[in-house]
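Go by the hints and put chain B onto chain A.
Protein chains in written order, with numbering that gives the first Met the number 0: chain A, 0 to 382; chain B, 0 to 852.
For the record, the hints were derived by calculation from the structure and aren't laboratory data.
If a hint is listed, it holds; no wrong ones were tucked in.
List time: in silico SDA-like cross-link candidates among lysine to any residue, alpha-carbon distance up to 20 angstroms:
1. Lys-160/A with Glu-80/B
2. Lys-160/A with Gln-76/B
3. Lys-160/A with Asp-60/A
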Amino acid sequence: MIRFLLILILLIGVLLGGYTLLNRDDEADVGAHTQLMPTMQTSSFGFARAIEPYDWEFPADHGAHPEFQTEWWYYTGNLAAENGQRFGFQFTIFRRALTPFEPVSDSEWRTNQVYLAHFTVTDVAGNRFFQEQRINRGAADLAGASVDPVYRVWVDDWQIKGISATQTRITAEASDFSVDLRLEPGKPPALQGEQGLSAKSAEPGNASYYYSQSRLSTEGSMTVNGKTYTVSGATWMDHEFSSGALSDQTQGWDWFGLQLDDGRELMVGQIRLVDGDKDPAFSGLLVEADGSTRLLAAADFTITATGTWTSPHNGAVYPSGWEIRVDIGEAEPLELTLTPLILDQELTEGNVYWEGAVRIEGDATGYGYAELTGYLNAMRGRF
Amino acid sequence: MNSALLRLTQRHINRRLFQSLLFVIGIALGVAVGVAIDLANKSALRAFELSVSSVTGRTTHQIIGNVGDVPSDLYRQLRVELGLRRSAPVIETYVQATEFDNHTLRLLGVDPLAEAPFRSYLQTDDPGLLPALYTLVSVPNTGLISQTWAEREDIQVGDMISLRTPTQATVQVHVVGLLIADDNVSQQALENLLITDISTAQEIAGQPGMISRIDLILPDGYDVGQIEAILPPGTAITTPATSQGALSQMTSAFEINLQALSLLALLVGVFLIYNTVTFSVVQRRPVIGILRSLGTTRRQIFSLILTEALILGTIGTVLGLGLGIVLGQGAVRLVAQSINDLYFRVSVERIVIDPGILIKGAVIGITASLVAAVVPSYEATRTPPAGVMRRSAVEQKTRRLLPLITVGAIFLILGGVGVLQIRTENIILSFSALFLVLVGSALLTPAALVIMMRMAVPVMDQVFGVLGRMAARAVVRSLSRTAIAVAALTLAVSVIVGVSVMISSFRNTVADWLEITLGADIFIAPPSQGTARLDVNIDRAIADQAAMVPGVARVVTVRTVHVIAPDYPDLPPVNLTAPDGNITKRPRRFVWNHATNGDYWAALQAGQVVVSEPFAHRRNITPERNTITLLTDHGEQTFAVVGVYYDYTTDQGAVMMDQKVYRQFYDDPYLTAVALDLEAGADMQTVLDRLRTETLVGTGLQAQSNRSLRAGVLEIFDRTFSITIALRLLATLVAFIGILSALMALQLEHTRQYGIMRANGMTPRQLRTFTFIQTGLMGTTAGILAFPIGLALALILIKVINVRSFGWSMGLALGPQEFGQAFAVAVVAALVAGIYPAWRLSRLVAVQALRSE
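Isolated chain B, as found in the complex:
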């Protein structure tokens, strides 16, 4: 490649600045969306890891207990009898700052005297700090909060903050100091921390005689058997890495799903680049012909075109990386919100810019540019030295290739469907299959476009007369241009259809399930914010008092706790839910139910359990492998699973056990929620008022009607999908740029033709109409094609991806809304993209246009 050719490239880019800009924007958006999602995922995960390490510190082992409890005396045994000096007691729970919009804080109760080896921020090496730390130890209700939060909420050292805790409706804590992070990352990890002495934590949020866990730093090669020998039933020793690994595993499917969706944007972008590069090649055929006749080799021509793509691709990629970082800032909040709603508390204020992600984005962007440019570059080398090639030749060739492309498309789709048949847990493989189907469908666009335009000609003739006929034929005439624009738009709109249908199906399924399962009229529980629901222990007496309220016919209580399943150390603790009666409105739906006569309640009362669908999915429970071993307060106990029920509470799944059976195995008198059935004719509002003003006063608990609880659940559901909706919009934006660039290309290419049309007496207004009919037809085609493709995408998401990622099966819900909306997006995008070309056309001066050739 010599400098003369490079200058040629430079001149070309300069002259066709708008076109080059579209290329750059296409690639930039594609890269930006991918990078933004990657950064957001990574930052959220990292923030989570840091917030875990902010409370685990240099811990090597942890002793954890069922129901979140470990006897305090075990700590004494470890220290006084085993002499384990590097051990620390911890009480950890969530509390809410009631004066600050119920902001959730992670309460960490520690013994400052035992902390030094574990967490850096309570070092007692500094003798000057010791007296002040003693304040924390000896003065009840004192605590430390992060400087960041204190500054944001304007809390001063010396202030009191009001908290709602698992055991107290309201308690005042005196802020006696601030945690000052050493760096930005630590700041984020510490932000929502409230540190108190362990005695204060126990008094305001715990149970006498119990702590949450014991942190240990064991020397290498320490015989853990010594500790295991003294562990009381219901406790286990684990490592923070195991529990952290288990937690981050929770979100992996969620992240892969987001990444795959972000790749869709890039896929649309690739079509765009292909289109742009092809156009620039076609446009310069005469130039290339001259170059060739002057002795430029094919290789050099190939390099020339590829270099152009590389230069534009690089500029686009760099812009994309920058834009990705900016978008990432927004995306991370959405991702964190979803993770908060679905999995665990995480607070992310800013993204961590990981060079690895940027490199990945750069590689993908530049590769995509090159791949998309290879075919047109090759095509350029085919130009014979004498510049005789005409536009029509290209179109002829495209038409000749049409059967080949169509057959290829069908093979891709069949291949994708084939891969989907493979029974695998591998989500990446499933997404690859989905991509095959999508790309195959996109390749079907040219054939579909030809057929549709043929059908459109008579219709257009009827409506718009000769202009309409011309427009429909013009679309087919320039198939090599229009097909790609339509394909890009079709892909984008299909994604909108697919994702919308998936979300609405999911939502319908959840709503149905809520309708079935939330049978009771009133529910009493602590106020919740997604997963931030406090693990509250409700006293049995509350249920008894609620039963006395006039109008209440029946009281059903539920205890929900996390217990240890020794067979699955790599998975998070098991959600165990123990109702003492049935509150479902209609019979629960089961995936399979092997209870005698299908009476699962009888089976539960007999000591067997049922598990939810995601639980069975994650732990591979089948009618053949139908047991689950749980660590109870009386040792390990194996339960027979008699059925798998549909449930959408959490993608971690749950085990349901009869409450009487639960109490036999777990020494835990508390309740988590209380459900009330009203007598026929009783007034809901009267009962609610009575509960709120009398029974529940001072308990921090909330009474909610069935309807408002259901609405709350669905609200969280909708919030969870906000990131998905945002991604959908970005894909549309990319497609919009695509169709705009394609139309611009068309218009520039056909300048001479338009000149002739003007010279023959067509008015600028007619030319505008002609353009809009053309773009409108393309948009309509994309909108119509998106129906079947979007539906296929939705089916794959619902029947394959969701089941394999989360273990949720759901029914397909088709509404006109999702399709109508997508169709409108396609047509509007096409029409809007036509505005600028139409405007330029109407200003076309016939003579100049003719001369330009």
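With the rest of the complex left out, here is chain A:
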């Protein structure tokens, strides 16, 4: 009897065990993925393009230009705490138009504009790089860029906002780092390229409208690793908008915004082509201490990498450290050596690129930011 019961229990156990194994789809979570029709055109067809020099009008042109496909407000700065500890920060808001024409709708959610913000802090002493991003639609006041009543570019609670006739304030709070900075320009906006028309290749239209505020004196507070620092320093601001600015041959670019201790700023860069050459159309700019500018042709400067850094995150190999020679019309070229403040300043969420603070030595000293794109994937078609 007992034996029989045991066998019975065993039998039931085996049967139920089998069933349990069969019914493994018993989790509470509903999982699925999406198969989508590849309908979205990424060409710049239908958008305004940068062909003619632009007729700038400030403050209106600080705001958004939704008829262009891509636009960004790019703040990078080198700051120091009162104890001398050095920090870099990047706060960028990108705008992307999904379609050329603004839709008409009763819905406050309807838009063709998407805003994306990248926020990073480089903690030099701690050898740490913090990054976070925000994305939202340019609708229902969730994200946007405007100059009415004041200059304001924002995504969620991250924003750049005009707080007086000249001052702007950046406030951004990420999960474990934040900044609250006030910025004040010492010079008027410097137009890049030909009256702000910055060519990216020889073909007309492969260009952007582009101006820089190459030195914004900056002060405020920064919280990193749970510690809040009072910081000050200088920030470089770029505002650029375009549609299909890059040629089909573009692999990526290297860009340098350098603030020299003698009061000058220098922008140089190069567009790398898929075949390994550089596009000769890209120009640089020297901003004198008094705010006057000198356009630099591609032939006027050379950028030579002195080392490489391999990303531990994705294996991309970036140049790291540069020798820069610039003919600024003087007898001797300006020779600068750039060294990243820390090696790993790679943004790895979404689009992957390296954007980091560098130290300048050589004929002049100072700090700057370098931006290296297209080392993991080609950038053509993305901007």
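Below, chain B without anything else, positioned relative to chain A:
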């Protein structure tokens, strides 16, 4: 227990295969019905939970609003001012695919850019997906549907589907992608989903400036007070668990009712097993006597019989589990249909086989087999070593026990009635009492059978002569066999009577109520399919235009919305219905009405409310506890309840408020339905045609006459009870098997007696008639006994179970139909069950039969 005895068992089962088969079928059916209902209930609930989680995802908190609305700007405040990054706006509503038989889809409007933390299927981590998701965002009227539905309806990516939405009669949506579920369960949950960007959802089915809710993932320990501080009036923060709990609570009474009914089938099965085991014991008395005289102990005999029951019980249980899974597939559709009609949308395609339910079924099946076998097994041990026991001795003993059984039965019934007197919300307790009454009634069967047969003898004598007399006496002579067969049949037929009377009483009550409340001649509302009625917002202008139609004398409008009752966070939102005039034909009936002079309309206009009976039941509203607090668009507001009216619209109940009062507290200009009274002499069809061809064109609304609306309601009512009817049939099937097995036993037992009858010159035809008279008498007895027992069951269902489960009171409606039908079932089942035994008897060879002894 040694192997020699086990072999004996094996031989016995082999020799009496047919009988063993009946045992197995009895237990298998009993287990199968229970398991099927359990599986169906569980699967429907699970499907519902999954479809909820498919739209809530990993949400920890939700901000919900009255009338289903939350201002969009609140989302901006949460994100831009409070910096709540893990927040997502949602517009959720039902739409119907007009080209696909008005298939109801759940429209989920989301912001793909905010979705990632919430629902897995719109992940934007994959950069390759981003441009395609941007299509959804930037191109109006684009949406995703499930692969399952697309394949079933042969919809391709790139196709357009036509929808009817709460705000638009018809709108085209371009299918730009498919949702592909990761597993079967998800597939079911996603099947009826239509996902669009939130802007598209708002444009095709929403209101500018409003969304349905905001989903939040708040970190542990987040101070919800920060959010509460900025909530505008008419919104509240809750958790998905609370709302899901509240919704699944809605169906719990419904499920318990089904489970209890399925247990009835098993109860009938237990009688059957008892019968079979007793028979096998009696039949082997000589063998048992020999075994005992050879030195087999009582314990061993006990084990022998019990083991037989265990083996057959196990085989029956395993078969029952398999059959239960098969039946469950069918039952789940019926259960889901009822849930759809009564509670909420749920789509269940297949059952989820839960090992827990199977274990429960196995335990119940085997326990039932053992319990039913214990008494006969014990009886077997009483056999003295010398095999002198005769059949007559057993019958004598049964007759001696009869008074005891009858007294016991009366105690059980009294006990059951006593338990029913306990004022409790516990439905399981109430059902236990019902079972006591039923088992007690079943135990009364032997006594009743004796009395009835005594009365039948002269009648049978008159009709069939000596054969009839013999048959009636034979039934009593084999009381230990026949009583149990009759008891099983009586139980089954009583269930048929009880449930039928309950359903027809309910139906009558609902029909009466419809007659009273649906006073208007024409009703304008969106087309509905049970609870799938779209929560449509009808523009006031439609009512004004309808008033202009020639022949229309009066227009009454109703607004029905769901609002939040802060005092009852565990219950679903309150159905608030706000008419602007009275459309009832006769005065509404009230459970209690404390309005001055009974004039509840005056009270409503003065800002008080009345609530329906189920509402009062669920929220325990009494003349003493007579207030209800609702969250209005101007903050919380407490209303005095002046009366409780009878209403059968929903078992969740409703609050009725005057429409003017409603508009004061809720910023909502819309209507849900419009009722029209015609002028005397106006032609209904002319007005309907005019409404359909002019006023309502392009609105997606339907004009229905009073009669067709009433018919529609009753149609849904009938559909709701289809599962109950199916259960009723299964109980009958079990009873049929029971009576068949009892008759087989009788016939086998009496082989010698029949041999003598044949030897004495009775023809095979006479023997057949004899059998049929006997079974016919048993069936008739069961049919007659089922009247009072079924009526008692109906009364308990109506006056106790329904009131305690759903808060519905209804009048008892007795018709000859339910009883006649049940009586016919009893007699026919008995007669049909007699066919096989009769056939075997007529082939009986007298000599062999006599020798068999």
